[in-house]
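Respectively, the protein sequence lines represent chains Z and R.
Just so we're aligned, residue 1 is where the first sequence starts under my numbering, counting upward by one.
Just so we're aligned, residue 1 is where the second sequence starts under my numbering, counting upward by one.
None of these hints come from the bench; they were simulated from the model.
Some clues are possibly wrong.
Said to hold, decoys possible - What follows is a set of in silico ranges between Cβ atoms, one per label pair, in the way DEER data are often shown:
#, chain 1, residue 1, chain 2, residue 2, range
1, Z, Leu168, R, Gln23, 27 to 35 Å
2, R, Arg225, Z, Leu168, 52 to 60 Å
3, Z, Glu62, R, Pro138, 27 to 35 Å
4, Z, Met1, R, Met1, 26 to 34 Å
5, R, Cys34, Z, Gly183, 35 to 43 Å
6, Z, Lys162, R, Arg3, 33 to 41 Å
Glycine included, C-beta positions come from ideal geometry on N, C-alpha and C.
There are 2 protein chains.
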Amino acid sequence: MERAVILVSGGLDSAVTLAIALQQGYEVHALSFCYGQRHAIELEAARRVVQSQHVHEHRIAEIDLRVFGGSALTDDIPVPQNGPAGEKTADEIPVTYVPARNTIFLSYALAWAEVIPARHIFLGVNVVDYSDYPDCRPEFLEAFEKLAALGTKAGVEGVATKIHAPLLRLSKAEIIRKGTALGVDFGLTHSCYAPADDGTACGRCDSCGLRLKGFAEAGLRDPIRYAQQ
Amino acid sequence: MERAVILVSGGLDSAVTLAIALQQGYEVHALSFCYGQRHAIELEAARRVVQSQHVHEHRIAEIDLRVFGGSALTDDIPVPQNGPAGEKTADEIPVTYVPARNTIFLSYALAWAEVIPARHIFLGVNVVDYSDYPDCRPEFLEAFEKLAALGTKAGVEGVATKIHAPLLRLSKAEIIRKGTALGVDFGLTHSCYAPADDGTACGRCDSCGLRLKGFAEAGLRDPIRYAQQ
């Protein structure tokens with residue numbers, strides 16, 4: 001049984017990615033991060049998602065990205081409220097982009113993959129909805145595979161580490177349909193950038209907007225609660 | 001004045017790298033890591049080194065590499081004691097190699113560089129003495145530059161992040177001579193993998209061996225204390 005490290009955020013995309021890795025027969029080693037994000041609610045969702053599937057083990061790495069600041073998700077910059085349609089306000093990198101976040105997350109996944117050892121890393125990045133995040137693009141993932149081949153003991157010994165991004169070119173509606181087919185319980189996931197204290201999604205941030213639009217396009221009902229829609 | 005992020009470990013190599021960056025006229029933003037290493041003594045040395053030079057600011061990122069284990073520097077694997085000459089026992093990757101460590105450290109440096117913003121990252125890696133660490137090789141550093149160009153906001157906007165490794169091809173003796181010429185106080189630095197509680201270097205681990213051999217070849221006296229030589 002091949003082992004794989006899967007990055008699990010507690011969001012919809014990583015829940016579907018996890019289900020895909022399991023369907024493909026991998027022994028799943030789930031990795032989440034406690035990274036000074038404003039919503040610890042995300043981590044609770046990650047735990048629920050992992051517990052609901054047949055995961056071999058789940059580790060949570062505590063990292064402190066607040067030490068550098070620079071993003072609405074780690075700093076006190078207000079999260080944009082673009083309304084339920086989730087349109088982007090301009091063709092630029094959003095304020096919710098966390099500097100080098102996927103580079104850091106993949107580095108940790110690589111470190112763990114080397115220890116396990118595992119030759120596969122899965123993550124739920126997507127270029128359709130997140131085309132403005134530089135570290136969600138396919139070229140970035142290819143560059144990371146090259147880095148892994150050069151910078152690890154396994155790589156030097158000729159064992160390539162493969163980065164799998166099965167959602168890369170899917171729309172949110174396609175991701176939701178795929179997850180539904182695989183039995184993912186979307187009620188356990190969390191996407192909102194600005195939730196209430198009890199975890200209720202705001203229904204107005206970019207992330208809620210994308211999610212609601214995805215469910216609408218997929219012709220399915222989103223099981224989570226929203227403050228407004 | 002160009003800004004640069006410099007990785008400072010408290011060791012001899014990063015102290016010289018810091019002095020080189022300052023000599024080259026950079027505004028220096030020093031970055032150290034508290035990464036569950038067995039010797040917090042390293043961090044104390046990093047603080048001393050930074051305080052002794054004209055550094056703009058110093059940040060310490062707390063990261064937990066112990067969550068994955070896998071190295072004598074973060075786990076309970078005994079550190080090899082090869083004797084004062086510092087010879088390597090075999091042509092293989094040493095047990096003191098921390099999985100993907102430089103990948104993780106550079107990812108943090110990249111995140112901070114993006115926030116500052118800085119287009120330069122310095123680190124004290126070296127292929128002469130550490131040729132067995134895959135993430136100290138020039139190909140690895142080039143791969144990281146490519147990753148930075150693709151995975152950051154700055155990179156997308158056409159601003160390349162340059163990785164500087166000024167010690168890459170220098171012998172330990174050459175590094176020590178260069179540092180001496182630049183006024184580095186080696187008495188503030190720490191290299192030992194297995195120090196006593198008061199910080200006294202063991203004089204017998206690989207790192208002490210390389211350091212002592214370097215000073216001997218440079219015809220200089222190492223100002224730090226050793227339990228034995």
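These are the hints, each one checked on the structure:
Leu168 of chain Z and Gln23 of chain R have their C-beta atoms about 45 Å apart, which leaves the hinted 27 to 35 Å range violated. Restraint check, Arg225 of chain R to Leu168 of chain Z: a C-beta distance of roughly 55 Å satisfies the suggested window 52 to 60 Å. Between Glu62 of chain Z and Pro138 of chain R the beta carbon distance is about 32 Å. The supplied range of 27 to 35 Å therefore holds. Distance hint check for Met1 of chain Z and Met1 of chain R: the Cβ-Cβ separation is about 55 Å, which falls outside the suggested range of 26 to 34 Å.
Hint check: Cys34 of chain R to Gly183 of chain Z, Cβ distance near 41 Å, so the stated range 35 to 43 Å holds. For the hinted restraint 33 to 41 Å between Lys162 of chain Z and Arg3 of chain R, the CB-CB distance of approximately 36 Å keeps it satisfied.
Going down the numbered hints, you'll see the structure goes against 1, 4, while the others check out.
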